[in-house]
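With chain R held as given, fit chain V onto it using these hints.
Number of protein chains: 2
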Amino acid sequence: MSAIRHALNTKREDDFAAWYQEVISAADMAEESGVRGCMVIKPWGYGIWERIQRLMDDRIKAAGVQNCYFPIFIPLANFEREAEHVEGFAKEMAVVTHHRLIADGKGGLIPDPEAKLEEPLVVRPTSETIIGDAMARWIQSWRDLPLLTNQWANVVRWEMRTRMFLRTSEFLWQEGHTAHATREDALEETHRALEMYRACAEDDLAMPVIAGEKPENERFPGADETWSIEAMMQDGKALQAGTSHYLGTNFAHAAGIKYQDKEGGEQFCHTTSWGVSTRLVGGIIMTHGDDDGLRVPPKIAPHQIVILPMLRDKPEDGAVLAYCEEVRAALADQSALGEPMRVLLDKTPGKAAGKRWDWVRKGAPIIVEVGPRDMENGKLAVLRRDRLWNPDNGKPNFDFADRDAFIGGAADMLGEIQQALFAEARERRDANITRGVTSMDEVAAHFAEDKRYPGWVEVEWSKPSGETLDKVVEQLKALKLTLRNVPRGGEAASGTCIFTGEPAVERVLVARAY
Amino acid sequence: MSAIRHALNTKREDDFAAWYQEVISAADMAEESGVRGCMVIKPWGYGIWERIQRLMDDRIKAAGVQNCYFPIFIPLANFEREAEHVEGFAKEMAVVTHHRLIADGKGGLIPDPEAKLEEPLVVRPTSETIIGDAMARWIQSWRDLPLLTNQWANVVRWEMRTRMFLRTSEFLWQEGHTAHATREDALEETHRALEMYRACAEDDLAMPVIAGEKPENERFPGADETWSIEAMMQDGKALQAGTSHYLGTNFAHAAGIKYQDKEGGEQFCHTTSWGVSTRLVGGIIMTHGDDDGLRVPPKIAPHQIVILPMLRDKPEDGAVLAYCEEVRAALADQSALGEPMRVLLDKTPGKAAGKRWDWVRKGAPIIVEVGPRDMENGKLAVLRRDRLWNPDNGKPNFDFADRDAFIGGAADMLGEIQQALFAEARERRDANITRGVTSMDEVAAHFAEDKRYPGWVEVEWSKPSGETLDKVVEQLKALKLTLRNVPRGGEAASGTCIFTGEPAVERVLVARAY
Chain R
1 MSAIRHALNT KREDDFAAWY QEVISAADMA EESGVRGCMV IKPWGYGIWE
51 RIQRLMDDRI KAAGVQNCYF PIFIPLANFE REAEHVEGFA KEMAVVTHHR
101 LIADGKGGLI PDPEAKLEEP LVVRPTSETI IGDAMARWIQ SWRDLPLLTN
151 QWANVVRWEM RTRMFLRTSE FLWQEGHTAH ATREDALEET HRALEMYRAC
201 AEDDLAMPVI AGEKPENERF PGADETWSIE AMMQDGKALQ AGTSHYLGTN
251 FAHAAGIKYQ DKEGGEQFCH TTSWGVSTRL VGGIIMTHGD DDGLRVPPKI
301 APHQIVILPM LRDKPEDGAV LAYCEEVRAA LADQSALGEP MRVLLDKTPG
351 KAAGKRWDWV RKGAPIIVEV GPRDMENGKL AVLRRDRLWN PDNGKPNFDF
401 ADRDAFIGGA ADMLGEIQQA LFAEARERRD ANITRGVTSM DEVAAHFAED
451 KRYPGWVEVE WSKPSGETLD KVVEQLKALK LTLRNVPRGG EAASGTCIFT
501 GEPAVERVLV ARAY
Chain V
1 MSAIRHALNT KREDDFAAWY QEVISAADMA EESGVRGCMV IKPWGYGIWE
51 RIQRLMDDRI KAAGVQNCYF PIFIPLANFE REAEHVEGFA KEMAVVTHHR
101 LIADGKGGLI PDPEAKLEEP LVVRPTSETI IGDAMARWIQ SWRDLPLLTN
151 QWANVVRWEM RTRMFLRTSE FLWQEGHTAH ATREDALEET HRALEMYRAC
201 AEDDLAMPVI AGEKPENERF PGADETWSIE AMMQDGKALQ AGTSHYLGTN
251 FAHAAGIKYQ DKEGGEQFCH TTSWGVSTRL VGGIIMTHGD DDGLRVPPKI
301 APHQIVILPM LRDKPEDGAV LAYCEEVRAA LADQSALGEP MRVLLDKTPG
351 KAAGKRWDWV RKGAPIIVEV GPRDMENGKL AVLRRDRLWN PDNGKPNFDF
401 ADRDAFIGGA ADMLGEIQQA LFAEARERRD ANITRGVTSM DEVAAHFAED
451 KRYPGWVEVE WSKPSGETLD KVVEQLKALK LTLRNVPRGG EAASGTCIFT
501 GEPAVERVLV ARAY
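In order, the protein sequence lines correspond to chains R and V. The opening residue of the first sequence carries number 1 in UniProt numbering; numbering runs sequentially from there. The opening residue of the second sequence carries number 1 in UniProt numbering; numbering runs sequentially from there.
Only chain R is shown next, with the shape it has when bound in the complex (with noise of 0.2 angstroms):
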C-alpha cells in the first residue's frame, strides 16, 4: 500500500481556512477583484451558481412565487421607517451621494459636488423596504393575496472581514418576499420556503441540514420569526446556508401594506421574506471538499463527466477524437437525475494526465480518458472522483470500462455518486451531533479538548429572552460558541436549562460558525 500523492499542497486537517482558499484557487472558482471586499466569480465557480439558480428557480416557480425585479436603490427615508431594520443594517451599507465626476485639474476623477443627491441612496442590502411600498401598491384587497414576489439580484453589505463565498461585500441571491392575510397563512409560507431550501440544499447540493428557529438574538432585524438551515462543515462548524423570516405586520405597518378584508374592514398584511445566496457555493466546497480538490455533486455539476481524449501529435488523434465524440453524444442524448446529462468532451491542448488533475481539483464526477488502446478495444478508463484513490497501491482508481457498459451505466453512476456524498456527509454530521451535554462546564470542556473538530452540541434550555438571554450570548462569546438553531421537530426537553437553571422548554444547537 503506498502513500497517496494528493492533489492539493493542504490537508483539511492541518490547516482547513488555508485548504478551502486552496480549493477555490486550484479549481478556478474565483478570486480577489482587488475591488475592497468584492470577488470575481470564475466560470466554473459561476457554473456551479448557475447549476443552484436553475434548480432553485424550478422550485420556487412551482411554489406558484413568481419572479420581479426592484431597484438596486433604496431611498434612506425607506430605512428610517423600520427602526429595528435599520438598527441591523444600517451600519454597514454603500451610500450613492453623487450622480456625476469631473476632473480633479491633476489628471484624476473627483464626485462633482455640482452633482450632490438631494437625499442619498443606499445599494440595496435587502429589499424589504422598497418590496414594500410596491406590495402597499399592489395590494388592495383580499382578492390580491396572497402576494408571491422573489428577485435574483445583487446585494451590499459593507464587510469588514471578508472571505470568499462565505461573507463578502457583494453577493448574489434570491430574495422571496411575499404578503398574506393571516399570520396562519404567512406562518405556513415561511415554512414552506424553509422546508423548499431543506429539500434544494440536501436534495440538489447533497449537503444535509438541520432547519429550526433561530434564537431571538439571530433574528433579521424586523423579524417575529426567523427560520434556519444550519450545514455542518467538515472542520465541524456550522454555516447558516439558508434563512426565512416571518415578519410579523412590522413591515406592513413601515410601508402601509393593507388590504380590505371580506367584510370591508382594513387589515394590515403579515409579510415573509427569505433567501439563499451565493455562500452555498461556499457550503458546497467544505461539505464536499477533499484533500484532492473540490467534489461537485452530479445534479449541480457544470459538467457532469468530462472525456479527455489522449492526443500524442499522431496520425490516430483523429480516430480518437472522433470515438470521444461518439461516447459524448451518446452519453449526452440521455438523461441523468431528471435531466439532460451534461458532458464535456475537452479537447483543450495539453496532456490527459495533467488535465486530469485539474478535472479532479474542479470535481467533475466523473473522468474518463481514452487513449488509441482504449478505443481499439472498445474501452474507456473511467474515475470517479468520489472513489478517487485505489486503497490498495494508492493510485487513481481507474475502472478500464467496456464502452457500452458504460453508456450504459453512466446515469445510475451518477445518481450514486449524488447519494454517496450526501450518505458521507450525513455521516459525518450526526456522528458529530454530541447530546446528552448538561452544564455549560462540559459545553466548555466539550469544545476546550484538543479535538480538532468538536462538532455541535445540543443542549436543553429554558428558552431565555431580553437580558437572560443577552447574558447566555456572551458567555457563549467566551467560548466562541453561538447558538444555531432549535430543531424544527426535535426531540422534547425533559431536563433543566444549562444556561438559567430553569426548566428546559426545548433543545438548541451551540456550534462555532461562519
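Because the hints were derived from the structure by calculation, they are not lab data. This one's a predicted model, so the numbers in the text were calculated from it and none came from an experiment. Please note: incorrect hints may appear among the correct ones.
Heads up, the list lumps identical chains together, so a pair's fine if it works in one copy or across two of them.
Unchecked claim - No farther apart than 25 angstroms at their CA atoms in a straight line, the calculated lysine to aspartate or glutamate pairs in the DMTMM-like style are these:
1. Lys61 <-> Asp28
2. Lys314 <-> Asp470
3. Lys347 <-> Asp203
4. Lys355 <-> Glu325
5. Lys262 <-> Asp313
6. Lys355 <-> Glu502
7. Lys116 <-> Asp317
8. Lys314 <-> Asp14
9. Lys11 <-> Asp58
10. Lys116 <-> Glu80
11. Lys463 <-> Asp441
12. Lys237 <-> Glu474
13. Lys116 <-> Asp261
14. Lys237 <-> Glu80
15. Lys116 <-> Asp104
16. Lys258 <-> Glu84
17. Lys355 <-> Asp291
18. Lys237 <-> Glu119
19. Lys355 <-> Asp144
20. Lys61 <-> Glu339
Here is chain V on its own, set in the frame of chain R:
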C-alpha cells in the same frame, strides 16, 4: 361589419408614446418605482426578459463563451486610465462615497462622515475596465487565447429623461467581453456576436433588424468599431437593439492585457465587448403591440397558451376544471418551437370573459375558453392573439375547435404565429425604408411631410469623419434625425454623397431614433 372596440384607450396612431405607456401598464409589465429613473419589472415583463435571457444564454454558451460575475463597484482609477471611455461615461454615473449611515439627531439618517471612502467607487455603467483587470491577470500566453467571457448583470447610467425599458437609470443586460491574439480574430468575434444578436432578434423575438456598422460619432467610447442591430418601431423610429464593439488594443493598453506570442514576444490583446439589455422588451412592445395591447411572440411568451375555464359557481364547475386540466396536461406534454410547451390553466377568481381581455392585453399567443357546453361537445373556443378580430362582424375571432384536433395542431399553430408576427413586422419595415433619396432637401422633405411614420431613408455618403462628420450630425440633428448604421453587406454606392458632394463610398441609414 361592426366597429371594433379595442382593449386599450389609446390607439397607436393617435399618440404612440402614450400608447406605449398604456401597453406597459395594461399588460402589467412594469411600473415606476418611486426611485429616480428606476423601474419595477413585474412578473409578465420579467417573464419575457427571462425567456430572452434563456434563449440568448443558450446561444452564448453554444459559442463557447463562459459566464462569470465581476464586481458592481469600479474604482475611479480604472476609469482614469482610458481617456475616451471616461469622457463617454463619467457624466452619468452613480458614485458611492460612504459605507455607513448614522442618525442625524432629527430622526433621520445621513452618511457617516467617519465612514468616507478613501477612493470613491462607481456603480458600473459597463464593465470593460474591471474585466480588463481580470483579463490582464488571466492571460499570459497565446495558449490562453481567445478568452471568452460574459456576465448577466445590472448596470447604472444616470439618465435625465427616462422611459420604461428603453432608458432607465438601472437596467439589466448581458455584456460579453473577449480577448484575442489578433485584430482578425477579434473582428471575427465582433461579427459573431452581431450575427448572434441578429439571429436572436429575428428568430426568437420575431423582430426584424438591420445589422451594420455605426458611424464614428456613434461609436462606444473607446471602441475602434461599433456594430449594431437596428429595429424599426411601428412609429417608424429606429431602436438600437444590440451592439458589438471591436475595441482594438485600447483597453488592452489601459489595463495591460498582454500575451506572449509563439515566438516569445510580448503582444497586446485585441478585445471586444457586446451587449443587449432589457431595452429589448421595449422593442418587442413597439414591434408587436397593437391597439389591444401586447402580442408576445410564442418563443418568448412566458405562457404560450392560456386556458380559461368558464366557471359559474355551479356543480358542473368541477367537471369543467377537470376537462381543462386534461387539455393542459396533453398540451404541456408536447414540444413547440423546440421546447416543452408552456401552458397555463388560469384558475384565478373572476369571469372568463374579463380574464380573456387581461390575457389579450398581455398578449398571450393563444387563449382557450372552455364552458360546460364546450366540454359536453368535446370542443374548445380558441382565440389567436394575432387574429383577434373577425373582420366580418367586428367580434373576437373565436374558432370553436374540436378538442383533439386543437391539441394535435397547437405546436404548429404556435409556429405559425411566430412566423406571422415576424412576417408582418418585416413587411412593415421593408415598406418604410426609402431609397433613392439624393439630397438633403429631399431628406428634409421626406421627414417634414405630414406623414406620421416616415420610416428610414437610406442615402449614399462619402463616410466623412472628424469635423466634416460633426457638421453632418448637426445638420441631421436640426431635423431630429440621426445616422443609424451602414448595413452589413449592403448595396455598393454609385453616386454622390448627399452631405459632402464627394463621391459616395457606401450607404447609411438615417432615421429618428429612441
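Hints the structure fails to honour: Violated: hints 2, 3, 6, 7, 8, 9, 13, 14, 18.
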